[in-house]
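Q: Chain P is fixed; fit chain Y onto it per the hints.
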Amino acid sequence: MSSDFWIILTACLMSAACGLLGCFLILRKMALIGDAISHAVLPGIAIAFLLSGTRDSLAMMIGATALGLLAVFLIQWLQNSGIQSDASIGIIFTALFAIGVIIISLNARNIDLDLDCVLFGEIAYVQWDTWTANGIDMGPRSVWMLGSALLIILLLLALFYKQFKISAFDPAMAVACGIPVMLFHYLLMGMVSMTSVASFESVGAILVVGMLIIPASTAYLLTDRLGRMLMYSVLTGVVSSIIGYYTAYILNASIAGSIVTVAGILFGIAFVFSPKHGVLIRRLRQRRSQGTAIAE
Amino acid sequence: MTHLSLSDPIAVTDNNAMAMPLQVTGLTVAYHKKPVVQDVSFTLAPGRLIGLIGPNGAGKSTLLKASLGLVPSIAGDVKVYGKTYQQHRKKIGYVPQRESVDWDFPTNALDVVLMGTYGRLGWFRRPGKHEHETAMECLRKVGMADYAQRQISQLSGGQQQRIFLARALAQQAQLYLMDEPFAGVDATTEKAIISLLEQLKAEGKTVLVVHHDLSTVEAYFDDVLLLNRTLIGVGAVKDIFNADMLQQTYGGKMAVLQGKEGIVLAGK
Numbered sequence: 001m002s003s004d005f006w007i008i009l010t011a012c013l014m015s016a017a018c019g020l021l022g023c024f025l026i027l028r029k030m031a032l033i034g035d036a037i038s039h040a041v042l043p044g045i046a047i048a049f050l051l052s053g054t055r056d057s058l059a060m061m062i063g064a065t066a067l068g069l070l071a072v073f074l075i076q077w078l079q080n081s082g083i084q085s086d087a088s089i090g091i092i093f094t095a096l097f098a099i100g101v102i103i104i105s106l107n108a109r110n111i112d113l114d115l116d117c118v119l120f121g122e123i124a125y126v127q128w129d130t131w132t133a134n135g136i137d138m139g140p141r142s143v144w145m146l147g148s149a150l151l152i153i154l155l156l157l158a159l160f161y162k163q164f165k166i167s168a169f170d171p172a173m174a175v176a177c178g179i180p181v182m183l184f185h186y187l188l189m190g191m192v193s194m195t196s197v198a199s200f201e202s203v204g205a206i207l208v209v210g211m212l213i214i215p216a217s218t219a220y221l222l223t224d225r226l227g228r229m230l231m232y233s234v235l236t237g238v239v240s241s242i243i244g245y246y247t248a249y250i251l252n253a254s255i256a257g258s259i260v261t262v263a264g265i266l267f268g269i270a271f272v273f274s275p276k277h278g279v280l281i282r283r284l285r286q287r288r289s290q291g292t293a294i295a296e
Numbered sequence: 001m002t003h004l005s006l007s008d009p010i011a012v013t014d015n016n017a018m019a020m021p022l023q024v025t026g027l028t029v030a031y032h033k034k035p036v037v038q039d040v041s042f043t044l045a046p047g048r049l050i051g052l053i054g055p056n057g058a059g060k061s062t063l064l065k066a067s068l069g070l071v072p073s074i075a076g077d078v079k080v081y082g083k084t085y086q087q088h089r090k091k092i093g094y095v096p097q098r099e100s101v102d103w104d105f106p107t108n109a110l111d112v113v114l115m116g117t118y119g120r121l122g123w124f125r126r127p128g129k130h131e132h133e134t135a136m137e138c139l140r141k142v143g144m145a146d147y148a149q150r151q152i153s154q155l156s157g158g159q160q161q162r163i164f165l166a167r168a169l170a171q172q173a174q175l176y177l178m179d180e181p182f183a184g185v186d187a188t189t190e191k192a193i194i195s196l197l198e199q200l201k202a203e204g205k206t207v208l209v210v211h212h213d214l215s216t217v218e219a220y221f222d223d224v225l226l227l228n229r230t231l232i233g234v235g236a237v238k239d240i241f242n243a244d245m246l247q248q249t250y251g252g253k254m255a256v257l258q259g260k261e262g263i264v265l266a267g268k
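Order-wise, the sequence lines are chains P and Y.
1 is the number of the first residue of the first sequence in UniProt numbering; add one for each residue after it.
1 is the number of the first residue of the second sequence in UniProt numbering; add one for each residue after it.
Hint data in this document are derived by calculation from the structure and do not stem from the laboratory.
Given the structure is predicted, the values throughout are model-derived calculations rather than measurements.
Ideal Cβ positions, reconstructed from N, Cα and C, are used throughout, including at glycine.
Pair ranges (Cβ atoms, derived):
id	chain 1	residue 1	chain 2	residue 2	range
1	Y	E133	P	I136	51 to 59 Å
2	P	F271	Y	T25	53 to 61 Å
3	Y	Y31	P	I99	28 to 36 Å
4	Y	D77	P	A98	41 to 49 Å
5	P	L155	Y	H32	37 to 45 Å
6	P	A66	Y	E203	44 to 52 Å
7	P	K29	Y	D222	36 to 44 Å
8	P	I99	Y	D77	42 to 50 Å
9	P	A66	Y	D104	28 to 36 Å
10	Y	H130	P	P180	20 to 28 Å
11	Y	T25	P	Q79	28 to 36 Å
12	P	T132	Y	H32	53 to 61 Å
13	Y	Q149	P	Q290	25 to 33 Å
Sample of chain Y residues lacking proximity to chain P, with all beta carbon distances greater than 12 Å (derived):
id	residue
14	T25
15	N56
16	G76
17	E137
18	K141
19	D186
20	A187
21	K191
22	G235
23	Q247
24	G251
Just chain P, with the same shape it has in the complex (with noise of 0.2 Å):
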């Protein structure tokens, strides 16, 4: 299979699940918190290398998610303390990140784990970063990671949607008629957890942030609905992934970077062209209104 497929393939299963998951985070105003766990898994990530050896990705994985759980009670925690929100949500994110890179800076002679792929990831190598099992190559090791991680997503929206919605519109009454919304809270926290882990070695932590909040934005703008919302969402991500992979190759440029920058110019796009809610439709309306009440 040549390389370009499996990185493709990689990108767009990252950004289907940030995709779905970015919905979600956005409704519920919390993109920062997405940013954060990003960030402060890599201390999981880092500790969980140190003990395995290994890049097995399972160990990581349970690491990583239970730091970045640990972090958003962390956050929950100072702002119940009287620390305002965004400055908890900073303090830590940054903390954790920054545990994370001594971590790694300090054993970086015995481990296989740089900061610039921490940062940026390595999409382009994902092709040689196989999975062995029972002596036959399986395929890519980041596509089986993210693969499972977009299927445990489509599985737990797909049995729990209603109470994820009811969550994010209005948990107050959600709690007053007996759904555990702290229960699906932390779901969602741990599924944001997990994606970050899965997607670090592809696109690295900070651009991750990217794909969970920017083709989810760029959907809000096209729908009134969210189960569209989720599926436009999906689909700017990975048409994103696509057009960017291909834009990389031409320039010669950074993957991850040039995704990224597809998502933020469709973003871009919407943002003007909505025909919802974007902002050349809103002057029209506002023309037509100051028209008819003129012409009145």
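A: Leaving out everything else, chain Y in the frame of chain P:
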């Protein structure tokens, strides 16, 4: 601690009290150790419309939320039909303040009303044909059937309020707790809400409404709870809704004058 009851005191034997829609005993809620609601006790009787009245910051919303377990209480006990609210959540319909949610959420009116059925559906069932029919019926009751497919941000404030009421109806509850449903609504909506309250009452349901407009209290409610951190009074409107009690409730913030036309309030 005196236990104030809305029903005939002789009728309230322990057994009867067990079955009352809402029984609150010694409820105290504090934010950052500052008490917001202190030692409040009352019992609501079935088939009544009750207004919860008090100045800003009196803890009206907090009392409502604490009764539902939405904010933690530091003391006291709440019983819904004789059981804890966790056991009887399905019997309670809740209408939060309209401003408490983001109306730009990507959904339509029907979908919001359908959320009222989620509590009954349990963990895995999705709203089906039956739930859609219920939701449409509830929209009809608040005069919003024509707006079922309308994106919620495109509705007026009054229409949004009616959607919230329709959602509470879809909960098919016995006891309704409503947080300022009349706040900032148009005359059509006000009428729609009042006729709905009357209808609920006729069906033997109990409705507790946080209310601000003192001039309409006598027209809308059977009973009132007067609250200013502590419970000032509770009883039938004709018995306790008078200048003296309002003076106590609003303290120095208002001058309460009782004239032939009813009660007149003037800010001090």
